[in-house]
Amino acid sequence: MNLSNAQYLEILNHSLSSGGEYSEIFYEDFYGTSIVYDNGKIEKINFSSTKGASIRVVSAEETIFAHTNDPTYENLMSLAETLRKNASERFGSNNIVKVKELKEAEKRDFAPFEIPFDNVSVEQKVEKVIKGVELLKNADKRIKQITVSYADSSRKVKIVNSEGKIVEDIRNYPRYAAIIFAQDEEGNLFRGYSSDGANMGFEFFTDEMIEKVAKDAVRQVVSQIEGVDAPAGEFTVVLSSEAGGTMIHEACGHGMEADLVLSGSVYREKVGKKIASQKITVVDDGTDKNKRGTLNYDDEGTPTQRTVLIEKGVLKGYMHSKITAKKFGVEPTGNGRRESYMVLPIVRMRNTMILPGEDDPKDIIKSVKYGIFVRKMGGGQVDVISGDFQFGVDEGYIIENGEIKQSIRGASLVGNGLKVLESIDMVGNDLGYGVGTCGKDGQGAPVSDAQPTIRIPKLIVGGIVKGGNN
Amino acid sequence: MTNIKSIIEKSMKEIKSKGLKGQINVISTESKNASFSNGKLEQLTEGEKGAAGIKVISPDGRTATSSSNILTEEGIMQAVEKAIEMTKYTEKDEANDISNDEQFTYIDWAFDADTKDMNLDEVMKLAQELEKKAKSEDERIKFVRGAEYEIALTRKHFGNTNGLYKNALSTNAASSISLAAIEGEDSSFGFDYQLSQSYRLIDIDRIVKNSVEMAVSGLKSEVLSSGRYDIVMSPFASSMFLGTLITPLSGENVYKGKSFLKDKLGEKVANSSVTLIHDPMNGSAPIIASFDNEGTNTSRFNVIENGVLKGFLHNIYSAKKLGAKPTGNSFASVESPNPSIGTINLHFIANKTRKDILNVPKALYVTNIMGMHTADPVSGRFSVQISGRLIENGAFVKSFRGMTLAGTLEELLNNLEYVGSDFKYLGSVAGSTMLIKDLSVGGR
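So the protein sequences, as listed, match chains A and B.
Position 29 of the first sequence, counted from 1, bears residue number 29 in UniProt numbering, the numbering being contiguous throughout.
Position 163 of the second sequence, counted from 1, bears residue number 163 in UniProt numbering, the numbering being contiguous throughout.
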């Protein structure tokens, strides 16, 4: 979409010519490769590409939107005309906004990259997959099936808006994952999974990263084979810094997204109030170098920042897009993200974390007489209205008299975000990251989350109850 | 889009001229969507999206895929070139093949001209009506997020180098709402959704009733004690459970040994009262498919019959590997134009009315499940959060939430006794009220 500034101005001004306070053109050029080793061979290779653009016109709190996969000047003018007509019916106004000048936004570089994915041959990408497969083949004789996947994608975006701003950004998403299946003596199958990702170029795929992913997957599957059914009930739970930040993402993060606050989230009307233990500080950082949730600008062209959500237990504010910021009368925080040009931006997390505290992680484990140690969390989900959350435990152990003992399987943790935040009584001085793709309103967004080792005195563990009917 | 058939023919000719086999799916959707939130029009959208998915197979069975959303001759031919180029990096596998299923009758049962012709204003009014009704239904409903209405027209074209060309046209109307009930410091979430072929079949009043009931009944809920309980699942909850069975039933996962059902063909895997069917041509389902996205004609078949596993969901590859026939279960979408194994209308056969199922001495009525996607399809193990209401002597006595339900999918199937006839279509499955005996529940 290399149109002249005069053409962008014409499109924006036409879309606003019947009313509306803000208009924005969003253009996207995406390509990606995925390679999957499965079933003893390189089984799948896929290349995908997408291009397109959309325009939205916003008036007060209402939005009208249209998109096209052929973003020529003529087609964008046609979208602008569709929007103008709808704007005329919905928010006709005598006070028409007129954009006179466009200016390129300053360059920012929180996700520097060395090797663009399209500079690398498919052969080199396949080699990265084979490297992981070879490591796994020789790791444990109980391993029966190996799946290793490589994925890269590059997303170039351009945002031109009626505030006179032109923003360009490139997001590179490398991803590497291993899934292995191992069999115990009775023939039962168990799964081990590990992955890593970032916002950087092909240089992400180092031997060190591949070895770590493979090692984590093996350790996890062994813990499953040798595990016993998780107990059910209320226990003290220690979440390792290696666990990834699923809990902070699910239990707290989503409820502090301003659009969900407006929909009745449990964190509504709590800014300035103490909602967590004094040991807890939570930030959502869009500028954490090369992390998977890092962006120079969000998908509305707002520069990203380190947003403090909770400071020493007090709720400081929410994550905002332009629209929610206006509703709350605050500045946008750079959390407006969209999966593609075909959908509107919504408030999304970036890199969300609990900051490290002062406790030694070893002391945290030592302090537990009987409880659960979670080394790796699985996927999760939250009900933001009540704050209730659930997440799976991919690797967990029993803690007995301050020592990590028997591994468990089939566990999940359920609780309430607010209650958990209040109850955390030990926070480690370490910090570990996890990566993922967060789903919300049917849109996926690359994110990372992080936390130190923490102790939650009481949490419900979903395991197996044996015995008669209740 | 008028010349899409000729572009398909040209692209297949190109693949064939290089001595390769290939197939293409071109899918496009035109949609109109309106969403209201807390009295405001949150979004009004009109747009078209489309994608082409191409699969190429070399004579020795090496395969690669590509996709593009540029549906011009140039865009599709570039994607074809990309797929051809990448076949050399995969490995030989003679089971990779394309369809020869020539007989095809064009059916447009799932097409409703009035739905297609709805204008954006009408769509917007329906979304607005949904939101207003929800707000006025109960004074405890304080927040409405995403009262949404959408209509869509979808065109599907399939072609392959065996000369097959199949196409379909369908319409859909969908509506959903999520809301919050607030009473003092207590809050609870409610949601409902309906998908249909025609806007006439979308029942806004029912969506409102279900979502408000779910939210309001969640107020003043508590965590009950741990134990083993009989579970009654709502249609919404049971459709989530049913959705998790697609992965272990996939022929590809069975062949690769990644399913707890892998050695169970012909064996009893569920309660004798359970029959599970795949019914892609059922005219009353919101989505109908007479062919899948490998060009195989679909058919109705029993997956589980009276508790016995009768077959798996196959594409051409898995059928060949397991010595079965393709079942027409390879589906694609605009978002994923290269097909993978899935379902169109998978559901259990009803054997009881909802009223009779609810008339139990004691059970947990589960209306929402969190984390069902974390179930492990290989071992079948799951551990999820549940919320709903406690039933005693056929009556709802109190609400619960924040409890866990854990076990295996095998156990769920074996303990599933009753299936109601009140089907709720969610994605590619239809759930209904179900009674599952004696499951492990974690609480206080």
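Read the hints as simulated data drawn from the structure, not as lab findings.
Take these hints with a grain of salt, some might be off.
Coverage of chain B stretches by chain A, computed from C-beta distances (three or more under 8 Å per stretch; other residues unrestricted) [unchecked claim]:
| no. | stretch |
| --- | --- |
| 1 | 34 to 41 |
| 2 | 96 to 107 |
| 3 | 140 to 146 |
| 4 | 183 to 195 |
| 5 | 222 to 235 |
| 6 | 405 to 412 |
On the chain A side, residues computed to face chain B include the following (Cβ under 8 Å) [to be verified]:
| no. | residue |
| --- | --- |
| 7 | N2 |
| 8 | I42 |
| 9 | S386 |
Cβ coordinates follow ideal geometry from the N, Cα and C atoms, glycine included.
Structure-based check of all given hints:
{"no.": "1", "hint": "34 to 41", "result": "holds (count 4)"}
{"no.": "2", "hint": "96 to 107", "result": "violated (count 0)"}
{"no.": "3", "hint": "140 to 146", "result": "holds (count 5)"}
{"no.": "4", "hint": "183 to 195", "result": "holds (count 3)"}
{"no.": "5", "hint": "222 to 235", "result": "holds (count 7)"}
{"no.": "6", "hint": "405 to 412", "result": "holds (count 3)"}
{"no.": "7", "hint": "N2", "result": "16 Å, violated"}
{"no.": "8", "hint": "I42", "result": "5 Å, holds"}
{"no.": "9", "hint": "S386", "result": "6 Å, holds"}
Checked against the numbered hints above, the structure breaks hints 2 and 7 and satisfies the rest.
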